Every structure is written in C-alpha cells, then in structure tokens.
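As you go down the protein sequences, you meet chains Y and G in turn.
Under our numbering, read the first sequence as residues 1 to 327, first letter to last.
Under our numbering, read the second sequence as residues 1 to 327, first letter to last.
Misleading hints may appear alongside valid ones.
[To be verified] No more than 27 Å apart at the CA atoms, straight line, and that leaves these computed lysine-lysine pairs for DSSO-like:
1. Y/Lys183 x G/Lys284
2. G/Lys284 x G/Lys239
3. Y/Lys153 x G/Lys80
4. G/Lys153 x Y/Lys153
5. Y/Lys239 x G/Lys239
6. Y/Lys80 x G/Lys153
7. G/Lys284 x Y/Lys76
8. Y/Lys183 x G/Lys239
9. G/Lys183 x Y/Lys240
10. G/Lys240 x Y/Lys183
11. Y/Lys284 x Y/Lys221
12. Y/Lys153 x Y/Lys183
13. G/Lys183 x G/Lys239
14. G/Lys284 x G/Lys240
15. Y/Lys221 x Y/Lys239
16. Y/Lys284 x G/Lys76
17. Y/Lys284 x Y/Lys183
18. Y/Lys239 x Y/Lys76
19. G/Lys153 x G/Lys76
20. G/Lys221 x G/Lys239
21. Y/Lys183 x G/Lys221
22. G/Lys183 x Y/Lys284
23. G/Lys183 x G/Lys240
24. Y/Lys239 x Y/Lys153
[Stated by the list, open to error] So these bits of chain G aren't anywhere near chain Y, every CB distance computed over 12 Å:
25. Gly12
26. Thr33
27. Ile49
28. Ser290
[Said to hold, decoys possible] Here are the simulated distance ranges between beta carbons:
29. G/Ala273 x Y/Arg225: 15 to 25 Å
30. G/Glu288 x Y/Ile27: 11 to 21 Å
31. G/Glu288 x Y/Ser105: 25 to 35 Å
32. Y/Ala296 x G/Glu174: 54 to 64 Å
33. G/Asp276 x Y/Gly181: 29 to 39 Å
34. Y/Ser323 x G/Leu28: 43 to 53 Å
35. Y/Thr209 x G/Gln301: 53 to 63 Å
36. G/His15 x Y/Ser323: 44 to 54 Å
37. Y/Asp276 x G/Asp276: 49 to 59 Å
38. Y/Asp207 x G/Asp207: 21 to 31 Å
39. Y/Glu288 x G/Arg94: 50 to 60 Å
40. G/Val294 x Y/Pro176: 20 to 30 Å
Honestly, the hints are just simulated from the structure, not real lab data.
Please read all numbers here as calculations on a predicted model, not as lab measurements.
Here a beta-carbon is modelled for each residue, glycine too, at the ideal position from N, C-alpha and C.
Number of protein chains: 2
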Amino acid sequence: MGNEMVIGVDLGGTHMRTALIDLSGNILRRQKTATDISHGVQQTTQRLIAECRAQMVAAAELGGAVAGIGLGVAGKVDHKRGWVIFSPNLPAMRDYPLGPEIEQSLGLPVLMENDANAFGSGESWVGAGRGIPNWVGLTLGTGVGGCLILNGKLWNGDDLGFVGEIGHLIIHPEGPPCACGLKGCLEAHASGSALLHFVADAATQGDLTSGPLYELWNDGKLNAREIYHCSVAGDPVAKKAFSRMGWALGLALANLFTVLGIRTAIIGGGVSAGWDQFIEPLRKSLAEHSSMLVVADAVIQRSVLGDDAALLGAARLVLEHRSLTSI
Amino acid sequence: MGNEMVIGVDLGGTHMRTALIDLSGNILRRQKTATDISHGVQQTTQRLIAECRAQMVAAAELGGAVAGIGLGVAGKVDHKRGWVIFSPNLPAMRDYPLGPEIEQSLGLPVLMENDANAFGSGESWVGAGRGIPNWVGLTLGTGVGGCLILNGKLWNGDDLGFVGEIGHLIIHPEGPPCACGLKGCLEAHASGSALLHFVADAATQGDLTSGPLYELWNDGKLNAREIYHCSVAGDPVAKKAFSRMGWALGLALANLFTVLGIRTAIIGGGVSAGWDQFIEPLRKSLAEHSSMLVVADAVIQRSVLGDDAALLGAARLVLEHRSLTSI
Numbered sequence: 001m002g003n004e005m006v007i008g009v010d011l012g013g014t015h016m017r018t019a020l021i022d023l024s025g026n027i028l029r030r031q032k033t034a035t036d037i038s039h040g041v042q043q044t045t046q047r048l049i050a051e052c053r054a055q056m057v058a059a060a061e062l063g064g065a066v067a068g069i070g071l072g073v074a075g076k077v078d079h080k081r082g083w084v085i086f087s088p089n090l091p092a093m094r095d096y097p098l099g100p101e102i103e104q105s106l107g108l109p110v111l112m113e114n115d116a117n118a119f120g121s122g123e124s125w126v127g128a129g130r131g132i133p134n135w136v137g138l139t140l141g142t143g144v145g146g147c148l149i150l151n152g153k154l155w156n157g158d159d160l161g162f163v164g165e166i167g168h169l170i171i172h173p174e175g176p177p178c179a180c181g182l183k184g185c186l187e188a189h190a191s192g193s194a195l196l197h198f199v200a201d202a203a204t205q206g207d208l209t210s211g212p213l214y215e216l217w218n219d220g221k222l223n224a225r226e227i228y229h230c231s232v233a234g235d236p237v238a239k240k241a242f243s244r245m246g247w248a249l250g251l252a253l254a255n256l257f258t259v260l261g262i263r264t265a266i267i268g269g270g271v272s273a274g275w276d277q278f279i280e281p282l283r284k285s286l287a288e289h290s291s292m293l294v295v296a297d298a299v300i301q302r303s304v305l306g307d308d309a310a311l312l313g314a315a316r317l318v319l320e321h322r323s324l325t326s327i
Numbered sequence: 001m002g003n004e005m006v007i008g009v010d011l012g013g014t015h016m017r018t019a020l021i022d023l024s025g026n027i028l029r030r031q032k033t034a035t036d037i038s039h040g041v042q043q044t045t046q047r048l049i050a051e052c053r054a055q056m057v058a059a060a061e062l063g064g065a066v067a068g069i070g071l072g073v074a075g076k077v078d079h080k081r082g083w084v085i086f087s088p089n090l091p092a093m094r095d096y097p098l099g100p101e102i103e104q105s106l107g108l109p110v111l112m113e114n115d116a117n118a119f120g121s122g123e124s125w126v127g128a129g130r131g132i133p134n135w136v137g138l139t140l141g142t143g144v145g146g147c148l149i150l151n152g153k154l155w156n157g158d159d160l161g162f163v164g165e166i167g168h169l170i171i172h173p174e175g176p177p178c179a180c181g182l183k184g185c186l187e188a189h190a191s192g193s194a195l196l197h198f199v200a201d202a203a204t205q206g207d208l209t210s211g212p213l214y215e216l217w218n219d220g221k222l223n224a225r226e227i228y229h230c231s232v233a234g235d236p237v238a239k240k241a242f243s244r245m246g247w248a249l250g251l252a253l254a255n256l257f258t259v260l261g262i263r264t265a266i267i268g269g270g271v272s273a274g275w276d277q278f279i280e281p282l283r284k285s286l287a288e289h290s291s292m293l294v295v296a297d298a299v300i301q302r303s304v305l306g307d308d309a310a311l312l313g314a315a316r317l318v319l320e321h322r323s324l325t326s327i
C-alpha cells in the first residue's frame with residue numbers, strides 16, 4: 001500500500017478545514033478557507049473539491065497517495081449515501097449529495113458523518129477515548145451534539161438519520177424552550193445559546209441590572225466566552241448560568257449511565273473551554289442523580305483533540321470503511 | 001449432542017418456577033413451588049436444586065439430557081460470577097453465590113441474569129423481539145425493569161452490576177419520590193406502586209372521596225388490577241393514574257429513541273395487562289416529546305410471552321454461553 005494518507009474535512013458554516021492525515025492519526029498538513037455559501041451550493045462544493053485536490057497534490061509531493069476522504073458536517077446527514085439532509089449552519093445544503101459529488105470529481109471513496117459523530121470517532125482513535133470501549137460523547141457549542149461509542153465503535157442505531165442526539169434528551173419536561181421546538185432539552189440548559197438566554201432572561205427580568213455582564217447584554221455583545229470571563233470574575237448571574245449547565249449535564253449523564261450501564265463521558269466543543277466553571281456542578285449533579293453507579297467510578301474527561309477531533313474522526317471513517325470492505 | 005434440553009428458572013419472592021425447554025424454545029414441562037425463604041437461604045437453594053433435579057429426571061425420561069441451567073432473578077446480580085448481589089424480593093439472599101452453589105451440586109453450567117434482562121433475552125429469542133436487532137425492553141410490575149437489546153444481543157455495558165435500568169431514568173427532576181431514594185424516576189410514575197401512590201395521594205388530598213376506588217383504598221385493598229378495573233369503568237382518578245403512566249413511558253421512550261437512534265420498544269410485566277388504559281397516552285406523549293423520530297416509524301409492542309419470557313430468556317443464556325465457549 002506504500003505511503004497511504006487520508007483527507008479529513010470539517011465543513012462548518014464559516015470555514016471548511018481540510019487536513020492530510022497519516023494512517024496513525026498524525027496531521028501532516030492543514031488548510032482552511034471560507035465556506036462562503038452565498039454563491040450557491042455548487043460553488044462551495046467546487047471549492048471544497050479544489051481544497052481536497054490541493055491536499056492530494058501535497059500527498060504526492062510527500063511521496064504518498066490519498067486513500068479516501070472523510071467529511072464531518074454539522075447537522076443531519078445520511079451517512080450511508082453521503083448526503084447532507086439538513087445543516088443548520090449551511091441551510092442551503094438541504095438534501096444534497098455532497099459525498100457522491102466529491103466522489104465523482106476526485107475518484108476517491110468519500111465517507112460522511114455529522115460533526116458530533118466525527119468528534120467521537122476522532123477522540124476514540126487518537127484522543128481521550130482511546131482504549132475505552134464504551135463512552136458518551138458531548139460537544140458543547142451553539143447547540144449540544146452527542147455520540148455513543150459502544151464496543152469501541154460509533155453506534156449508528158437503526159440508521160434512522162439521527163443517533164446520539166443527547167442534546168435533545170429532555171431533562172425537565174417543563175424546562176426552557178429548545179431550538180428543536182420542544183421544552184427542557186439538555187441543549188436548552190447546556191449550550192452556548194442556553195448561556196446567552198439565561199443571562200438575557202436575567203436582564204429582562206431585572207435580576208441583572210448593572211456591571212460588566214449587564215453592559216455586554218445591553219450592548220448586544222453577549223457571547224459564551226464573555227459570560228465565562230464574567231463567571232470567573234465572580235458575577236453571580238454568569239456563575240448561575242454555568243452551574244445550571246453543569247447541573248443539566250450531570251443529570252443527563254446520570255440518566256445515560258443508568259440506562260447504558262457505563263461510566264465514561266468525554267466532553268468537547270468550543271463551550272467546553274468553560275470547564276472550570278461547570279465541572280463541579282456537573283459532578284455534584286451526577287452524584288445526586290445516580291442511584292446505581294458508584295459515583296467515584298465515573299470518568300468525566302475533557303476532549304484532548306480540540307478542533308482537530310472532527311477532522312481526525314472524519315479521516316478515520318475512511319480507514320474503518322476500508323477495513324470493513326476488505327474483509 | 002442427541003436430544004438436548006435446558007432448564008430455565010424464574011426465581012421470585014413468592015414462587016420459584018422452572019421449565020424444561022428444548023433448543024427451539026419450546027417449553028416441554030413446567031414446575032412451580034413456593035420460594036419461602038423464611039427457613040433461610042440455604043434451604044431455599046436446596047429446594048431450587050431439588051426442582052432442577054426433578055427436571056433433569058424428566059429430561060432423561062423424555063430421552064434427553066440437560067445442557068445447563070439459566071436463572072432469572074429479580075434485582076441486582078453479578079452475571080459473570082452468578083452471584084445474587086441484592087434482590088428486593090429476597091432480601092436474605094444478599095451477596096450470595098447462588099449460581100456456583102447450584103453448579104457444584106448438579107455439575108451443570110449455570111448462567112444468571114436479572115429478571116428484566118431475562119425478559120429481553122426471552123422476547124428476543126422466541127417473542128415479540130425476534131428478528132429485531134435493536135430495541136428497548138420494559139417490564140412493568142411493582143417496579144419498572146428494563147433492558148437493551150443491541151445488535152440482537154443483551155447489552156451489558158461496562159459490566160458494572162447494573163444496566164438497562166430504565167425504571168431509574170429521571171424523567172422529571174421534581175417528580176414524585178422513587179423507592180431508590182431519588183425523585184422523578186420512570187418507576188415513580190409508571191409502576192404498580194406508582195399507580196397505588198397516585199390513588200392514595202388523591203384520597204388523602206380529598207380528590208377522591210367516594211365510589212369503588214375510594215372504598216378499595218379505604219379498605220386497604222388497593223392494587224394495580226383493581227385500579228385498572230376502576231379505570232375501565234370510568235373512574236377519573238384511576239384514569240389519571242394510567243394516563244400519567246402512559247405520559248411517563250412515552251417521555252422515557254422518546255428520550256431513549258433520540259439518544260439510541262432506534263424506534264422499537266417491547267413492554268411486558270404484570271402491569272402491562274393495563275395496556276388499553278395507558279397505550280394511547282403513551283403514544284401521544286411519545287409524539288409530543290420526539291424531535292427527531294418520525295413518530296409513525298415507532299413500534300411499541302406488547303410482550304407475547306407473558307410470564308414465560310424470563311423462563312425462556314434464562315434458558316437462552318445457556319445456549320448463548322455455549323455457542324460463545326465452543327468457538
């Protein structure tokens with residue numbers, strides 16, 4: 001097989017990132033460009049194909065060859081056909097055969113997963129999940145993504161087009177409204193948006209009337225990072241937003257551990273940068289809501305791959321696919 | 001191998017039931033005797049061994065031989081060692097090597113699972129779960145038991161001594177108290193005990209002041225079956241008790257389907273006899289709490305094996321164990 005490599009792609013609403021990755025999970029070369037879908041889905045697809053072609057040229061220059069391309073895409077995907085069903089960050093890319101388009105242009109196998117599953121695949125390969133057969137993955141961002149690794153593999157369920165949607169676990173049936181249209185989902189408590197809503201509600205209800213956090217809200221400059229800094233600085237509303245996040249995560253994980261009979265979770269995504277503000281409330285809530293688990297046995301770990309998890313995980317899809325088809 | 005057979009045992013707090021079962025899952029012969037643990041764990045174990053010996057004699061008379069014994073036991077068991085850790089119906093049998101005791105006496109392999117897992121194993125073998133790779137099992141009784149069948153097999157998780165404990169999924173963090181010490185578990189909404197508590201609360205709060213249901217409560221004769229009859233007869237409190245049960249089951253299943261990416265549940269246990277009083281509220285709640293699943297795809301089925309599910313499932317453990325060890 002010579003010097004084989006794989007291309008991993010992380011397709012987001014703002015950027016498309018690609019990486020040339022060796023069979024041991026080392027990133028040899030990265031590229032990043034704007035996704036810019038304003039000129040249409042076709043144009044974005046052509047740009048992504050060009051990025052992959054550049055990686056193929058680079059692979060050849062390194063004396064290697066690309067065995068396939070793995071795509072991680074936010075949203076609902078049909079991983080069997082390689083179609084994007086619906087991506088909240090790329091609404092124009094609805095029911096779109098992105099995988100087959102790239103496959104035809106480049107003559108390489110293309111595999112696709114949603115970004116949370118790609119995260120799980122990456123952390124399982126060369127990250128915090130390495131060697132752990134069963135774990136729950138959570139990605140905290142604008143929303144909350146999730147995945148299940150069971151027996152060392154990404155769990156796909158009945159291939160219904162959704163799986164591991166832990167963000168939409170209803171943890172309180174009378175809880176706050178969620179973007180999905182339901183009430184009380186984990187995402188409505190534990191995402192970047194949930195932090196923002198919590199602070200905005202406090203401001204409009206008069207529980208937050210002054211100070212830096214209030215100013216941020218008043219100036220329309222509220223974001224998860226700023227709420228984090230205010231929490232670190234001791235702002236009680238920001239602290240409450242993060243402690244509610246931890247409470248919700250602990251409750252959701254307690255429920256999943258109880259049902260799955262497992263004890264490990266790995267948490268990533270941009271908002272997991274607020275770790276020190278939510279991990280203690282998370283552990284407290286996990287203990288309070290666990291009836292079966294010996295809580296000291298629980299392992300709650302932070303992602304070690306950061307932004308690279310989805311890139312690496314997408315690449316690993318190609319290797320897994322190959323080992324399946326070569327049997 | 002000649003005419004091989006297996007013994008299935010369902011060990012409950014009141015009765016121990018044994019059955020002689022052929023390799024196709026046909027029950028050839030049944031026995032039932034009182035568990036009566038009042039004379040101690042040793043005496044009960046000896047009685048169970050005598051029951052199994054009688055089945056072995058019967059097998060020989062049928063021209064067969066017993067290949068092993070499968071035990072289904074309510075409560076927490078260590079299925080790897082065959083120990084009963086704690087059984088709420090047999091509190092004297094705590095940290096007890098029931099499997100090894102029987103194995104030594106009879107010289108046959110003994111396998112053990114808790115009763116909800118045995119239910120799942122049985123329905124999967126020759127019941128409502130036959131041919132369905134992924135499903136959630138629920139047993140509605142005094143409590144709520146659960147199991148997961150994934151890729152056609154009983155899911156064991158990390159072998160922590162609990163798994164599939166769907167009865168202790170917290171569906172409402174401010175919900176009613178559960179026997180496990182927590183609040184708002186599925187079991188606190190959807191078990192026989194939960195029906196009783198609901199009616200008793202209504203009576204003590206003055207929401208139930210007359211009629212047959214009130215009389216039952218007042219006479220200390222309340223049980224799930226009577227509440228069912230009152231519900232069928234139109235009693236509004238009994239109806240509410242069952243509709244809360246359905247609401248809770250629908251919410252729990254929506255959560256599990258969302259996370260596991262599956263769509264099938266099989267419900268058994270004595271209280272599932274109230275099916276016609278809770279299935280519509282269950283379906284309504286499942287629809288209301290599902291954000292991903294196309295609700296028409298959901299399959300909510302009733303157990304077809306009834307009381308025999310655990311007996312058959314226990315027997316199947318022996319066959320599975322054999323096929324594993326003979327590889």
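Hint check:
Only pairs whose Cα atoms come within 27 Å are accepted, and lysine 183 of chain Y paired with lysine 284 of chain G is accepted, the gap being roughly 16 Å. Note on lysine 284 of chain G and lysine 239 of chain G: the hinted pairing holds, with a Cα-Cα distance of about 15 Å set against a maximum of 27 Å. Taking the CA atoms of lysine 153 of chain Y and lysine 80 of chain G, the gap is near 23 Å; set against the 27 Å cutoff, the hint holds. For the suggested pair lysine 153 of chain G and lysine 153 of chain Y, the alpha carbons sit about 16 Å apart, so the restraint of at most 27 Å is met.
Proximity of lysine 239 of chain Y to lysine 239 of chain G is assessed by CA-CA distance (about 44 Å); at most 27 Å being required, the pair is judged violated. Among the hinted pairs, lysine 80 of chain Y with lysine 153 of chain G is consistent with the structure: their alpha-carbon atoms are about 23 Å apart, no more than 27 Å. Between the alpha carbons of lysine 284 of chain G and lysine 76 of chain Y the distance comes to roughly 25 Å, so the proposed pair stays at or under 27 Å and holds. In summary, the hint linking lysine 183 of chain Y to lysine 239 of chain G is supported, as the alpha carbons are separated by about 25 Å, within the 27 Å threshold.
Distance check on the hinted pair: lysine 183 of chain G and lysine 240 of chain Y sit about 23 Å apart at the alpha-carbon level, within 27 Å; holds. Only pairs whose Cα atoms come within 27 Å are accepted, and lysine 240 of chain G paired with lysine 183 of chain Y is accepted, the gap being roughly 23 Å. For the hint pairing lysine 284 of chain Y with lysine 221 of chain Y, the CA-to-CA distance comes to about 31 Å; that exceeds 27 Å, so the pair is violated. A distance of roughly 31 Å separates the Cα atoms of lysine 153 of chain Y and lysine 183 of chain Y; the hinted pair therefore is violated under the 27 Å criterion.
Under the criterion of a C-alpha separation no larger than 27 Å, the hint pairing lysine 183 of chain G with lysine 239 of chain G is consistent with the structure, at around 23 Å. Taken as a hint, the lysine 284 of chain G and lysine 240 of chain G pair is honoured in the structure, with Cα atoms around 14 Å apart against an allowance of 27 Å. As the CA atoms of lysine 221 of chain Y and lysine 239 of chain Y are separated by approximately 18 Å, the hinted pair is consistent with the 27 Å bound. The straight-line distance between the Cα atoms of lysine 284 of chain Y and lysine 76 of chain G is roughly 25 Å, inside the 27 Å bound, and the hint therefore holds.
Proposed proximity of lysine 284 of chain Y and lysine 183 of chain Y is supported: the alpha carbons are some 24 Å apart, at most 27 Å. Between the alpha carbons of lysine 239 of chain Y and lysine 76 of chain Y the distance comes to roughly 33 Å, so the proposed pair goes past 27 Å and is violated. A distance of roughly 19 Å separates the Cα atoms of lysine 153 of chain G and lysine 76 of chain G; the hinted pair therefore holds under the 27 Å criterion. With a C-alpha separation of about 18 Å, the suggested pair lysine 221 of chain G and lysine 239 of chain G falls inside the 27 Å cut-off, and the hint holds.
Between lysine 183 of chain Y and lysine 221 of chain G, the direct Cα distance comes to roughly 39 Å. Violation of the 27 Å bound is thereby established for this hinted pair. Restraint check: the Cα-Cα separation between lysine 183 of chain G and lysine 284 of chain Y comes to about 16 Å, which is no more than 27 Å; the hinted pair holds. Our distance criterion of 27 Å between C-alpha atoms is met by lysine 183 of chain G and lysine 240 of chain G, whose separation comes to about 20 Å. Between the alpha carbons of lysine 239 of chain Y and lysine 153 of chain Y the distance comes to roughly 36 Å, so the proposed pair goes past 27 Å and is violated.
Non-interface status of glycine 12 of chain G relative to chain Y is upheld: no Cβ of that chain comes within 12 Å, the nearest being about 21 Å off. Every C-beta of chain Y lies more than 12 Å from that of threonine 33 of chain G, the closest at about 32 Å, which supports listing it as non-interface. Even its closest Cβ contact with chain Y, about 30 Å, leaves isoleucine 49 of chain G beyond 12 Å, as expected for a residue assigned away from the interface. Listed as outside the interface, serine 290 of chain G is inconsistent with that label: its C-beta sits roughly 8 Å from the nearest C-beta of chain Y, within the 12 Å cut-off.
Checked against the given bound of 15 to 25 Å, the beta carbons of alanine 273 of chain G and arginine 225 of chain Y, roughly 55 Å apart, lie outside it. With their beta carbons about 45 Å apart, glutamate 288 of chain G and isoleucine 27 of chain Y fall outside the hinted range of 11 to 21 Å. Under the hint 25 to 35 Å, the C-beta atoms of glutamate 288 of chain G and serine 105 of chain Y, about 44 Å apart, miss the expected range. Checking the proposed 54 to 64 Å range against alanine 296 of chain Y and glutamate 174 of chain G shows it is violated: the Cβ atoms sit about 27 Å from each other.
Between aspartate 276 of chain G and glycine 181 of chain Y the C-beta distance comes to about 30 Å, which sits within the given range of 29 to 39 Å. About 45 Å separates the C-beta atoms of serine 323 of chain Y and leucine 28 of chain G, a value consistent with the hinted range of 43 to 53 Å. For the pair threonine 209 of chain Y and glutamine 301 of chain G, the supplied restraint of 53 to 63 Å holds, since their beta-carbon distance comes to about 55 Å. Restraint check, histidine 15 of chain G to serine 323 of chain Y: a C-beta distance of roughly 50 Å satisfies the suggested window 44 to 54 Å.
Judged by the Cβ atoms, the range 49 to 59 Å given for aspartate 276 of chain Y and aspartate 276 of chain G holds: they are separated by roughly 53 Å. Separation of aspartate 207 of chain Y from aspartate 207 of chain G is about 36 Å and departs from the stated range, judged on CB atoms against 21 to 31 Å. Distance hint for glutamate 288 of chain Y and arginine 94 of chain G: a CB-CB separation of about 26 Å, inconsistent with the stated range 50 to 60 Å. Checked against the hint of 20 to 30 Å, the C-beta distance between valine 294 of chain G and proline 176 of chain Y comes to roughly 25 Å, which is consistent with it.
Going down the numbered hints, you'll see the structure goes against 5, 11, 12, 18, 21, 24, 28, 29, 30, 31, 32, 38, 39, while the others check out.
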